[in-house]
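Engineer: Protein chains in written order, with the numbering used here: chain X, 336 to 527; chain P, 336 to 527.
There may be inaccurate statements among the hints.
One copy or two, either will do: identical chains are not told apart, so a pair holds if it fits within one copy or between any two.
Unchecked claim - Taking lysine to aspartate or glutamate pairs in the EDC-like style, the calculated list, with each CA pair at most 20 Å apart, reads: (1) Lys526 to Glu482; (2) Lys478 to Glu523; (3) Lys484 to Asp430; (4) Lys438 to Asp358; (5) Lys478 to Glu527; (6) Lys526 to Glu467; (7) Lys484 to Asp427; (8) Lys484 to Glu527; (9) Lys484 to Asp473; (10) Lys422 to Asp520; (11) Lys371 to Glu382; (12) Lys395 to Glu382; (13) Lys338 to Glu482.
No wet-lab data here; the hints were simulated from the structure. Being a predicted model, the structure only gives us computed values, none of them experimental.
There are 2 protein chains.
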Amino acid sequence: MSKYLVPVGLSNRHIHLSKEHIDILFGEGHELTKFKDLSQPGQYACEEKVDLVGPKKTIKGVRVLGPARPNTQVEVALADGFVLGVKPPVRDSGDIAGSPGLKIVGPKGEVEIEEGVIAAARHIHMHTSDGEKFGINDKDIVKVRIEGKRGLIFENVLARVNPNYALEFHVDLEEGNAAGLKNGDMVEIIKE
Amino acid sequence: MSKYLVPVGLSNRHIHLSKEHIDILFGEGHELTKFKDLSQPGQYACEEKVDLVGPKKTIKGVRVLGPARPNTQVEVALADGFVLGVKPPVRDSGDIAGSPGLKIVGPKGEVEIEEGVIAAARHIHMHTSDGEKFGINDKDIVKVRIEGKRGLIFENVLARVNPNYALEFHVDLEEGNAAGLKNGDMVEIIKE
Chain X
336 MSKYLVPVGL SNRHIHLSKE HIDILFGEGH ELTKFKDLSQ PGQYACEEKV
386 DLVGPKKTIK GVRVLGPARP NTQVEVALAD GFVLGVKPPV RDSGDIAGSP
436 GLKIVGPKGE VEIEEGVIAA ARHIHMHTSD GEKFGINDKD IVKVRIEGKR
486 GLIFENVLAR VNPNYALEFH VDLEEGNAAG LKNGDMVEII KE
Chain P
336 MSKYLVPVGL SNRHIHLSKE HIDILFGEGH ELTKFKDLSQ PGQYACEEKV
386 DLVGPKKTIK GVRVLGPARP NTQVEVALAD GFVLGVKPPV RDSGDIAGSP
436 GLKIVGPKGE VEIEEGVIAA ARHIHMHTSD GEKFGINDKD IVKVRIEGKR
486 GLIFENVLAR VNPNYALEFH VDLEEGNAAG LKNGDMVEII KE
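Produce the complete structure using the sequences and hints provided.
Structural biologist: Structure (structure tokens):
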């Protein structure tokens with residue numbers, strides 16, 4: 336049987352901003368400036384950066400990802416949460432209800448968000464054609480096996496299948512280091 | 336069948352020092368001062384701290400663990416290696432041949448080590464009686480299963496069985512965060 340392989344994409348801390356918050360942080364009518372395209376179609380890293388001010392410490396220079404989203408969402412590692420002094424829950428993107436807030440500081444202003452700080456739950460983006468090839472449907476839970484000295488099997492991996500997605504397994508830097516992964520490594524999907 | 340459970344111990348970056356290096360860093364004849372006992376019998380965290388100076392950046396205030404060892408060994412997370420500007424290999428404790436070095440700065444002096452910077456390979460300490468109960472021998476490779484939102488199965492876990500050890504599963508903070516673990520959590524050993 337052939338293996339189902341997927342390339343790894345490691346996520347460093349970043350922030351998605353609402354249009355309203357872009358206006359406050361960078362000035363009324365500001366348009367985000369693309370720094371480089373990300374692997375997911377239409378998504379890009381921006382030149383813009385902000386500072387995250389937690390009750391304990393500040394993390395400076397956190398990159399904004401575009402385009403604007405309906406709700407501002409801060410994605411950090413659990414270790415970042417410890418530095419900031421907040422406890423980000425492990426959540427799927429968009430599921431921010433009841434998560435902690437913090438202060439976001441930009442060059443033109445600052446915003447205090449009530450919620451929106453999460454540690455992103457590991458997930459796989461798949462184009463519809465990959466889903467068909469692998470026999471995996473949107474919202475299926477799969478496993479991902481990594482080989483090597485830090486070999487492990489990630490369980491509870493959410494598959495997100497969509498015609499707008501490109502095949503990629505997303506974990507944060509702590510998960511990546513725990514498994515000895517680098518960007519672009521090919522790893523194996525295991526169906527439940 | 337009953338589960339084989341083991342408590343988790345999370346390791347932050349730390350350093351073991353040789354007697355010679357203790358003399359240089361803290362002064363001739365200096366004796367390490369116990370801050371608190373660790374779970375492994377005879378091992379303790381010390382009041383003493385040092386700075387690690389890498390080619391890229393310095394990490395200040397890294398705790399010394401006692402007692403003195405034959406060879407100085409620096410145990411850091413892979414993310415620490417990135418900050419320092421060195422690439423620690425994932426190694427079992429004591430296996431430092433060919434690993435990178437760096438400069439260690441103490442209150443009374445400094446030492447440039449040629450090798451000794453590693454990322455500790457995950458392992459389980461077991462008393463001989465635990466080994467017998469679990470049917471696991473020294474140097475066996477086992478797996479460890481973690482449940483929950485960040486559930487995963489660590490593979491390639493080295494069992495170290497010794498009458499001087501206490502039962503504990505050691506991972507670093509990145510591995511711990513990747514699995515959503517806290518100190519003292521009980522996790523399951525799976526035999527190969």
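Engineer: Compare the structure with each hint and give your call.
Structural biologist: Verification of the supplied hints:
1. Proximity of Lys526 and Glu482 under a CA criterion of 20 Å is satisfied in both settings, with 17 Å inside one chain copy and 18 Å between copies.
2. Taking the shortest alpha-carbon separations for Lys478 and Glu523, both the intra-copy value of 8 Å and the inter-copy value of 18 Å come in at or below 20 Å.
3. Proximity of Lys484 and Asp430 under a CA criterion of 20 Å is satisfied inter-copy only: 14 Å between copies versus 34 Å inside one chain copy.
4. In this assembly of identical chains, Lys438 and Asp358 lie within 20 Å of each other by CA distance solely inside one copy; the values are 15 Å within and 46 Å between copies.
5. Taking identical chains as interchangeable, the C-alpha atoms of Lys478 and Glu527 lie at most 20 Å apart whether they share a chain (7 Å) or sit on different chains (19 Å).
6. Within a single copy, Lys526 and Glu467 get their C-alpha atoms as close as 13 Å, which meets the 20 Å cut-off; across copies the closest is 35 Å, which misses it.
7. Only between protomers do Lys484 and Asp427 lie at most 20 Å apart by alpha-carbon distance; the minimum there is 10 Å, versus 29 Å within a single protomer.
8. Within a single copy, Lys484 and Glu527 get their C-alpha atoms only as close as 24 Å, which misses the 20 Å cut-off; across copies the closest is 16 Å, which meets it.
9. For a Cα distance limit of 20 Å, the shortest separation of Lys484 from Asp473 across copies, 18 Å, qualifies, whereas the shortest one inside one copy, 32 Å, does not.
10. With identical chains, the CA atoms of Lys422 and Asp520 are at most 20 Å apart between copies only, with a shortest distance of 18 Å across copies and 30 Å within one.
11. For the identical chains of this complex, Lys371 and Glu382 are intra-copy neighbours only, at 9 Å inside a copy versus 46 Å across copies, given an alpha-carbon limit of 20 Å.
12. Within a single copy, Lys395 and Glu382 get their C-alpha atoms as close as 14 Å, which meets the 20 Å cut-off; across copies the closest is 31 Å, which misses it.
13. Proximity of Lys338 to Glu482 under the C-alpha cut-off of 20 Å is restricted to the intra-copy arrangement: shortest distance 13 Å within a copy versus 25 Å between copies.
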